[in-house]
Amino acid sequence: MSVKIEDLSKQFNGVHAVNDVNLEIEKGELFAVVGPSGSGKTTLLRLVAGLEAQDKGHIYIQGRMVDNLEPAQRNIGMVFQNYALYPNKTVLENIASPLLVRGARLQEAKKDVEELAAKLGIQDILDRLPGEISGGQQQRVALARSLIKRPLVFLLDEPLSNLDAQVRFSARKFIKQLQREFQITTLYVTHDQSEALAISDRMAVMDKGIIKQVGTPREIYNKPRDEFVAAFIGSPPLNIIDVEIKNGIAYPLDIPLQGRENSVIKIGIRPESIIIGQGYNQATVSELEFSGGYSVAYLKIADIELRAVLSSSDEVKVGDSVHFAINKKGVLFFE
Amino acid sequence: MHRLSANIFYLPAIVYLAAIGLLPFALSIYFSSPSGNFSSYLQLFRSKEAMEVIANTGIFAFGTAGVATVLGLVLAIFVDSLKRLKRAFSALGYLPYMIPFTASALVWTTIYDPIYGPADYFLSLLGLSRINWLGQPSIQIYSATIVSIWSSIPLAFLLILAGLSSVPKQVREASAVDGMGMGEYYTSVALPMSRNSILTAFLMTLIIAFGNFDLPYILNGGLSYSMATLPFLVWFQIFYENQVAQGLAAAVILTIIVSVFAFILIRVNERRATGSKRRLRISFRIPNRIFNLAIKMVTILSFVFMVFPVYWMILMAFRPQSLDFVTPPILYPATFDVSTFISTAVQSEPYVITTFVASAITMIVTLLLAAPAAYSVARHGRNWLLILAIYLYTLPSASFVFGAYFIVYKLHMLNNWAALILTYPLFTVPFSIWTLSNFYKSLPRSFEEAALVDGYGPFRSFYQVVMPLIRPGLVATAMLSFIFSWHLLLFPLVLSETPYQFNFPPTGSFTVTVFATLFDPTSLGSSVGYNVWAQLASSGLILSLPVILLTLYSQEYLLRGLYLGGTKG
Ligand SMILES: Nc1ncnc2c1ncn2[C@@H]1O[C@H](COP(=O)(O)OP(=O)(O)O)[C@@H](O)[C@H]1O
Ligand SMILES: [Mg+2]
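Chains as they are written, first to last, in this note's numbering: chain E, 1 to 335; chain X, 1 to 569.
Hint data in this document are derived by calculation from the structure and do not stem from the laboratory. From the three backbone atoms N, C-alpha and C, an ideal C-beta is built for every residue, glycine too. Warning: the hint list may mix true and false statements.
To be verified - Simulated crosslink set (DSS-like; lysine-lysine; CA at most 27 Å straight-line):
| no. | chain 1 | residue 1 | chain 2 | residue 2 |
| --- | --- | --- | --- | --- |
| 1 | E | K176 | E | K223 |
| 2 | E | K149 | X | K169 |
| 3 | X | K83 | E | K56 |
| 4 | X | K169 | E | K56 |
Claimed, not checked - With the C-beta cut set under 8 Å, the calculated list includes, among others, these residues of chain E facing chain X:
| no. | residue |
| --- | --- |
| 5 | A49 |
| 6 | P87 |
| 7 | P98 |
Working from the sequences, and respecting the hints, build out all of it.
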């Protein structure tokens with residue numbers, strides 16, 4: 001076990017930013033924490049880093065309790081959301097700074113820095129200032145600065161949020177590869193569920209300071225524990241609708257459903273599990289959104305509206321009457 | 001926007017500044033050598049005394065700026081590194097800022113007293129021999145410099161603290177994760193990042209010290225050259241010795257010196273706006289333990305130095321004279337006696353009325369002139385106006401005093417409230433343009449763009465959309481203008497002859513700063529022939545009270561205004 005978080009809580013003026021959190025992160029694993037803004041992800045990360053003191057609970061890094069240690073003594077590397085590079089220091093000095101602080105001379109540190117910089121593809125900008133390089137390069141410098149001291153745990157807070165959409169994809173892959181190459185235990189915080197699904201080995205979904213569910217991306221996507229997780233994970237977002245059980249069917253849809261007759265229940269339907277052109281459900285297309293590789297259709301059936309993913313080969317227009325089937329793997333039931 | 005309406009914004013301010021700033025300035029230059037042969041300058045340069053005064057001015061100004069910047073820096077580091085009680089310690093740090101120069105100097109004359117003064121008492125406690133601080137020619141200028149340092153630390157402290165606090169929180173946390181201690185964080189990250197603030201603090205305290213008339217004037221009871229600085233010489237030659245041309249020659253030389261530093265300040269200010277990328281290398285490294293210890297020691301000593309004179313003033317104001325003139329001095333509150341304070345307050349009434357009226361009207365006039373002018377700096381790109389404002393602001397009152405006197409004399413307004421109201425905005429409008437333009441610049445343009453789209457004209461958009469949004473800036477500027485006017489000494493001294501006579505139309509325009517000097521037996525026009533410290537301290541307190549109350553009441557506003565403009569006090 002590389003990081004163990006036990007009954008961790010932190011309040012700010014009576015608000016539970018982190019509420020009784022328990023997590024175990026395996027060695028070498030990329031663990032993502034995802035949740036809406038304000039759910040307490042940053043606070044959780046800062047508690048692990050030692051930048052904030054918990055009200056209650058314990059944090060262990062490789063078996064050692066670090067509750068009372070300063071950030072620098074916890075053997076962590078951290079990349080801040082806005083990178084927090086020292087603007088008055090060169091890239092070389094920035095990356096070397098954790099070594100220099102430990103008493104190394106710049107000449108000695110230089111070799112290590114150059115080697116690492118080469119791995120990150122920033123060897124050519126070592127004598128520039130942070131203000132003179134691009135956002136993507138700044139991020140790599142920040143990554144290098146936190147990797148140079150070979151930390152046991154790598155903490156990343158929304159590392160992609162300051163990058164342009166185009167660079168974000170490659171940066172994401174880069175971080176994943178770097179993490180794999182260094183075999184470094186990583187706690188990765190993001191509000192973007194697709195990012196968490198794509199990058200993590202395991203992930204936790206957080207809401208209002210509480211961990212809702214922990215699992216692999218597949219588990220979380222396929223078996224969300226509750227309505228919140230189901231609604232938060234997946235794009236386009238899950239359809240959540242009320243249906244009435246009539247004769248073993250979820251009225252007004254044509255889905256077999258066991259349960260108390262005539263009771264109204266809430267179910268979730270993944271937009272990508274709706275297959276147009278098959279089945280017995282009948283609906284009118286009320287709106288279409290083109291998204292490049294696929295489109296989203298809004299299907300009106302009785303008084304409910306469903307988002308459905310269309311492949312580019314589906315030919316429908318607004319106002320068309322269509323029939324569709326629902327793949328039952330994409331139907332989620334909540335208690 | 002139409003060119004015409006854009007110009008109307010700054011027209012009133014520029015007309016005023018031309019008439020009461022540039023014209024007196026030009027008159028000063030002209031009358032410094034009316035025949036055009038520069039004989040007054042030659043005479044000045046040939047006189048040994050004048051050379052001594054110029055040297056003194058250098059000692060006084062650089063001594064003040066150097067030491068005040070270093071101590072302000074240490075205090076700023078201390079307060080910035082605190083996790084709690086930041087506000088309380090900041091208040092200690094700007095305590096002397098709330099005491100006008102005139103009151104400070106008066107209090108320090110008692111501290112420096114060769115028989116009963118606490119300064120010599122402290123020396124004797126340290127086993128050192130007594131010093132005649134204000135009497136011995138070879139050390140007089142240093143004694144004056146100490147008082148000036150005392151008054152200037154707060155400005156340096158506030159400007160540098162603002163710089164240190166503008167380091168992003170995450171950069172600071174990154175330094176903690178990297179394992180930097182306080183010493184490394186400040187020397188290698190925070191101070192290099194705040195170097196423009198530090199430079200500004202140095203230049204501001206330097207420029208103010210160069211132009212400081214009040215301190216040397218009051219401390220220099222014997223009118224000796226060995227304690228005089230250039231502003232004092234200007235006043236002394238023109239208004240005491242009637243050597244107008246020579247006095248103005250000194251004024252022009254002072255102006256030239258200050259202009260050099262004003263130029264640097266303007267450059268630094270531009271850099272602060274755009275954010276320079278040039279780097280500064282700091283190669284020394286101090287062990288954290290030693291750094292922390294040094295900061296704490298210097299901070300404690302500085303706080304004692306800063307607080308004691310204020311404490312001493314309050315102590316003297318509220319005790320009978322008999323407790324003042326004993327050796328060793330009594331440094332603890334033994335009795336509480338308000339009688340002297342009350343009688344002095346009653347006596348101060350005509351002076352307080354004059355000062356209050358002049359400061360309040362100045363405050364309003366300043367807002368009316370500066371608010372639209374600063375808007376055209378921020379939004380219509382009238383950068384030259386900002387440069388002019390900063391420049392006029394840095395010039396000492398001695399640069400204008402003769403020209404202003406000349407104009408007031410020609411207008412038959414001497415010894416009249418109108419004279420103060422006419423001339424005071426010269427000091428408040430320039431810094432208000434500077435401060436307010438920064439407030440406007442910090443306001444997103446989208447508000448005005450929305451107003452424009454909604455069909456507002458330029459003036460309506462300014463009054464109905466922009467003005468309400470920069471209310472904090474207007475409040476700060478108004479307060480600072482009031483405080484600033486309240487402080488002024490040189491202008492009311494030369495433009496007035498008597499206290500207010502309680503008549504109508506009002507005559508008599510001595511201000512409360514002049515009132516305070518009446519109780520200094522060594523000062524010109526003093527009303528007493530021997531030491532009356534209780535009255536002196538009471539008058540100092542009366543002079544300081546409105547400033548203290550305003551400052552405490554509107555701390556937040558003032559600090560913002562101060563940082564954005566970088567204002568002197
Ligand atoms: N330093 C702080 N002071 C007061 N409240 C805070 C502080 N930091 C975070 N909070 C509050 O704690 C909650 C969680 O914040 P945060 O951890 O930043 O969430 P996230 O990173 O998921 O967006 C929010 O309600 C936020 O307002
Ligand atoms: Mg966050």
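Results for each hint:
1. Restraint check for E/K176 and E/K223: satisfied, since their Cα atoms lie roughly 25 Å apart, inside the 27 Å limit.
2. A hinted pair counts as satisfied when its Cα atoms are at most 27 Å apart, and E/K149 with X/K169 qualifies at roughly 22 Å.
3. Between X/K83 and E/K56, the direct Cα distance comes to roughly 21 Å. Compliance with the 27 Å bound is thereby established for this hinted pair.
4. Taken as a hint, the X/K169 and E/K56 pair is honoured in the structure, with Cα atoms around 25 Å apart against an allowance of 27 Å.
5. Using the Cβ-Cβ criterion of 8 Å, the hint placing E/A49 at the interface with chain X is satisfied: the shortest such distance is roughly 6 Å.
6. Interface hint status for E/P87: upheld, as the beta-carbon distance to the closest one in chain X is roughly 6 Å, under 8 Å.
7. Below 8 Å, beta-carbon pairs count as interface contacts, and E/P98 has one with chain X at about 4 Å; its hint therefore holds.
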